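Construct the complete structure from the given sequences, taking the supplied hints into account.
Going down the list, the protein sequences come from chains A and B. Each residue of the first sequence is one higher than the one before, counting from 1 in the working numbering. Each residue of the second sequence is one higher than the one before, counting from 1 in the working numbering.
Hints were generated in silico from the structure; no laboratory data involved. Here the structure is a predicted model, which is why all the values come from computation and not from measurement. Some clues are possibly wrong.
[As the list claims (entries may be wrong)] Calculated Cβ distances over 12 Å to all of chain A for the following chain B residues:
1. THR3
2. ASP5
3. THR28
4. ASN43
5. ILE44
6. ASP45
7. ALA46
8. CYS47
[Claimed, not checked] Have a look at the derived ranges for each label pair, beta carbon to beta carbon:
9. A:ALA242 <-> B:LEU33: 33 to 41 Å
10. A:ASP44 <-> B:ALA46: 37 to 45 Å
11. B:GLY66 <-> A:THR145: 43 to 51 Å
12. A:PRO256 <-> B:LYS13: 46 to 54 Å
13. B:LYS13 <-> A:THR179: 22 to 30 Å
14. B:GLY66 <-> A:LEU41: 17 to 25 Å
15. B:THR28 <-> A:ILE253: 38 to 46 Å
16. A:PRO148 <-> B:THR48: 43 to 51 Å
17. B:THR48 <-> A:ASN225: 22 to 30 Å
18. B:LYS13 <-> A:GLU261: 47 to 55 Å
C-beta atoms are modelled at their ideal positions from N, C-alpha and C, and glycine is treated no differently.
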Amino acid sequence: MSSNLINEYFRESKLPHIWCPGCSHGIVTRAIAKAIDELGLDKDKVTIVSGIGCSSRAPGYMDFNTLHTTHGRALAFATGVKLANPELDVIVITGDGDASAIGGNHLIHAARRNIDITTIVFNNNIYGMTGGQYSPTTPTGALGTTAPHGNIDKPFDIAQLAAAAGATYAARSTAYHTTQLIKYIKKGIQNKGFSLVEAASICPTYYGRKNKSGSPVKMMEHLKNNFVDVKIIDKLPEEKKAGKELMGEFKDITAPEYTAEYLKLIDRLKGAAK
Amino acid sequence: MNTKDQLDLKINKEWCKGCNICVSFCPTNVLALDHNEKIEIVNIDACTKCGLCELRCPDFAIWLGGKDNE
Ligand SMILES: Cc1ncc(C[n+]2csc(CCOP(=O)(O)OP(=O)(O)O)c2C)c(N)n1
Ligand code: SF4
Ligand code: SF4
Ligand code: SF4
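Quick look at the structure:
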């Protein structure tokens, strides 16, 4: 028994999913299906590509054209899919490790090319699948199985990284702020170019347990209280800004898109050959 | 589109993992966990059909369904 949304866009025979109790990956996955539903996309024209990780298991549950590839390489596969079939809506589902550690170069170059792919990063600040190793988005000082005395690295801001690398749409919401998340995913899919939507997420099992963050509810409350929209942060008094993280839209511009430019090039060369 | 009157709060205990997220963030305290730590509707009269539980349930175990669609 399930809702119409789950019925329509999920492979129900594969449910319930294997994610841990309170893992926010299910919230973000549902948000993606909801965004697709609200846009009224033809589900046979949607392709969802993932790498490896707990988050990357999402497409296995989703009833679209789906591709579960290798760790960090989802964007490489997605680039091939999009170039060969520009009419498809290509969506990449990736974790913070998948996207910004092993897959970091694919990410910045897909952004630089402004290829029309929408990347959704499930950022739980840790490697969930392999047991809680720190990732490029683990906050300084936080604990992981590979940082038992506290992480000394500085974290990436993936949305801003993508924006700086050339993405034409970049935004961040959280698993708590689901309505904004759905809105940003819709705008990302509609943008003709590379879009990145980061979903600040919770991994109660590894990040939560290691860092004594408390129950899934406590971790959701942290998302609720800690993220402030970039549009209003400047209006806050200094003491309220301390320790806050930014959410909202960081970039929304128009620029030449890669597959369109590629097709133009083919047309030009064909014209010259005549 | 269903109007609010046509919506009905539904649960699927088999998929519920007892995370307590929907219970804690329901604005009108409609929900609770039962003795098996599975979702239970305890005060349906207070439900405003806002849909927040459905948006935030990680396990697709609670939703606003149409009264006549199952
Ligand atoms: C080439 C390669 N290196 C390492 C791994 C092991 N591995 C699997 S998932 C993963 C990290 C997952 O973290 P993330 O992408 O943040 O996703 P999460 O599980 O937290 O959702 C790693 C290192 C692998 N599968 N393949
Ligand atoms: S290990 Fe973490 S990321 Fe993986 S399913 Fe469990 S809570 Fe989610
Ligand atoms: S629809 Fe809203 S009011 Fe009703 S149970 Fe869900 S969260 Fe509570
Ligand atoms: S949010 Fe979903 S899984 Fe969690 S307690 Fe509520 S119904 Fe169960």
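Now the hints, each set against the structure:
{"no.": "1", "hint": "THR3", "verdict": "holds, 15 Å"}
{"no.": "2", "hint": "ASP5", "verdict": "holds, 17 Å"}
{"no.": "3", "hint": "THR28", "verdict": "holds, 17 Å"}
{"no.": "4", "hint": "ASN43", "verdict": "holds, 19 Å"}
{"no.": "5", "hint": "ILE44", "verdict": "holds, 17 Å"}
{"no.": "6", "hint": "ASP45", "verdict": "holds, 22 Å"}
{"no.": "7", "hint": "ALA46", "verdict": "holds, 20 Å"}
{"no.": "8", "hint": "CYS47", "verdict": "holds, 16 Å"}
{"no.": "9", "hint": "A:ALA242 <-> B:LEU33: 33 to 41 Å", "verdict": "holds, 35 Å"}
{"no.": "10", "hint": "A:ASP44 <-> B:ALA46: 37 to 45 Å", "verdict": "holds, 42 Å"}
{"no.": "11", "hint": "B:GLY66 <-> A:THR145: 43 to 51 Å", "verdict": "holds, 46 Å"}
{"no.": "12", "hint": "A:PRO256 <-> B:LYS13: 46 to 54 Å", "verdict": "holds, 52 Å"}
{"no.": "13", "hint": "B:LYS13 <-> A:THR179: 22 to 30 Å", "verdict": "holds, 26 Å"}
{"no.": "14", "hint": "B:GLY66 <-> A:LEU41: 17 to 25 Å", "verdict": "holds, 22 Å"}
{"no.": "15", "hint": "B:THR28 <-> A:ILE253: 38 to 46 Å", "verdict": "holds, 42 Å"}
{"no.": "16", "hint": "A:PRO148 <-> B:THR48: 43 to 51 Å", "verdict": "holds, 46 Å"}
{"no.": "17", "hint": "B:THR48 <-> A:ASN225: 22 to 30 Å", "verdict": "holds, 23 Å"}
{"no.": "18", "hint": "B:LYS13 <-> A:GLU261: 47 to 55 Å", "verdict": "holds, 52 Å"}
Every hint, counting from the list given before, is met by this structure.
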